[in-house]
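**Q** In case you want the letters, here they are:
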Amino acid sequence: MPVIEVDKLFKEYKTKNGEKKVALNGVSFDVHEGEVFGLLGPNGAGKTTTIKILSTLLLPTRGSASVLGIDVIRNGEQVRSQINFVYGGEKGVYGRLTAFEYLSYFCVLYRIPRKQQKLLIDELITMVGLEHAEGQQIYTYSKGMIQRLHIARSLINDPKVIFLDEPTIGLDPVGSKMLRELIKSLSKKGITFILTTHYMSEADELCDRIVFLKNGSMSSIGTPKQIKEECNDLNVFEATIQLFDQSGLENEELISVNDLQHITESYKTIKLEFKKNLDISELENVLKKYCQVIKIQRKEISLEDAYIYLMKDVE
Amino acid sequence: MNILSLIIKEFIYFTNLNNRIYQFILFVQPLVLLTIIHFMSVMKGIEITGPYIIATAIVSMWSYVLYSSGSSLIWQKWNDSLNLLIAAPVSLFQIVLSKMLSNSLIAFISLTLTLFYAKIIFSLNIGIAHLGTFIFTAIVLLVSLSVVGMFLAVVFTTVQEVYSFQNFILTPVILLSGIFIPVESLPFTFRIISYLLPMTWAVESIYSGLNETNDVFLLAGVSLGSSFIYLFILFFGIRRMEKIMKQSGSLGVV
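Protein sequence lines correspond, in order, to chains A and B.
Each residue of the first sequence is one higher than the one before, counting from 1 in the numbering used here.
Each residue of the second sequence is one higher than the one before, counting from 1001 in the numbering used here.
Source of the hints: derived by calculation from the structure; they are not laboratory data.
Among the clues, some could well be false.
Simulated pairs of lysine to aspartate or glutamate, EDC-like, Cα-Cα distance not exceeding 20 Å [as the list claims (entries may be wrong)]:
#1 K1009/B - E101/A
#2 K1246/B - D71/A
#3 K1077/B - E1242/B
#4 K1246/B - E77/A
#5 K91/A - D1080/B
#6 K184/A - E166/A
#7 K8/A - D30/A
#8 K1243/B - E12/A
#9 K1243/B - D71/A
#10 K14/A - E1242/B
#11 K1077/B - E90/A
#12 K143/A - D1080/B
#13 K288/A - E273/A
#14 K271/A - E300/A
#15 K91/A - D172/A
#16 K214/A - E304/A
#17 K184/A - E205/A
#18 K1243/B - E77/A
#19 K299/A - E238/A
#20 K184/A - E123/A
#21 K1246/B - E19/A
#22 K1009/B - E134/A
#23 K143/A - E181/A
#24 K214/A - E12/A
#25 K271/A - E253/A
#26 K271/A - D245/A
#27 K268/A - E238/A
#28 K1009/B - D122/A
#29 K184/A - E33/A
#30 K177/A - E166/A
#31 K118/A - E101/A
#32 K1246/B - E12/A
#33 K177/A - E35/A
Every value quoted in this text rests on a predicted model; they were computed, and no experiment measured them.
Make a model of the complete structure from these sequences and hints.
**A** See the structure below:
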């Protein structure tokens, strides 16, 4: 039985000037126990709206959703004791409190028996690596430390499902890696994660399955591998070149240059897409009209390539 | 008793005595107000009696409750922590109630300091005949202040435009709740509004206690009764507010 079931979820907002805006348009998916499930898409695609509905913070206009078999619309209170959530950024904390005090407050909000509180807080603080800063006021924390504190808070009620809304936003690479490792280890313990992120490499590394949302609707769903395979007709190449006719290359009808990086003043690497299904030698011949080709290779399609391909017509 | 734990946490963690406005209201304002009535009494040649001293204390208590409780929920919304509170299994009603009771308890600092300043600095006779009755009526006042604070917290969060007018609420409530002017001397319409405020009955109950009249407990009972009616309405009001915010997606700052 799936841990999360979402069926034809529809959410419509009224904007300040009275117009109606569709945030979700018939989204349906299932998530299984212990899965890390990614909700990906551009800003305004409906990722946060979906997470808010599932975490009982928003009511849908139509459709149904359940977490652990409990209806999130009718029985939100029952769902709350079994889930938790973390969102990115530095908000949601009380700067004057220490990490211990902050977690102690949430222990009361989650009705953790008083005798268990200290042990639990110590355990959580150690798990997220904040022992050294336990007694420091939160306003002195870095973004990474605040994010780790949010993770600790989200584990206070031993949740079965955790919703993560852009948890690594603004974190340095070390902080992001630490958080990813934590998510992986918790998912191995059977906790189900719903994750939104704009970092495709992060989604590729963490997610068992992904859904791409576009303008409130589902565009694709599957494992990262399946989604990349959906884009097999993409002919992405990477070439190292010495360019002598940039405008000619830019106007070439057979290829489109996606990314151009300067290696030195005269040498560059380009990531390009061949618009017809031609082989690498034919591409090299096209390129030779505008540059000297040092090296060329077919590039394995990344999740980012798939994302750009699938989201190219987003409004 | 989870609500008791919540009140204790609120009291210990969220009382911000470093805030300059609160410092002024709690510690300085009682002295300023007492000084004013002291010189007025000297000029007029009237003796300052207990109700005048308590009136200055209630003004400071009310000011603190208005500024601290009124902003407590809307501040959580701006801080994006309201989401976290609503997602917790404890009801928002309990959370708000604990915040208000904690704030009202802090407001008692003003009452204590007023009595202390009156006795030590101004050598005034407070005239508390029955300490037990006085403490009881003061607790009734605490309950009524908490309820009014809760009401304001909900109104400020639901209709944010009203929040900018909180200074305009301060003085009218002082006038309407009969702290300085007897409610009987107000025009009829204002008298109705006055008697709808649980604070009015609590204030009258304290003054009756000081004047040793017989209706102390009746007035205290009316105050408590009206406070519980307000609490009952607030219980459903907060649930309604939560539902509206969940429908409109206006729980957080995002």
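**Q** Provide an ascending list of the numbers of those earlier hints which the structure does not satisfy.
**A** none
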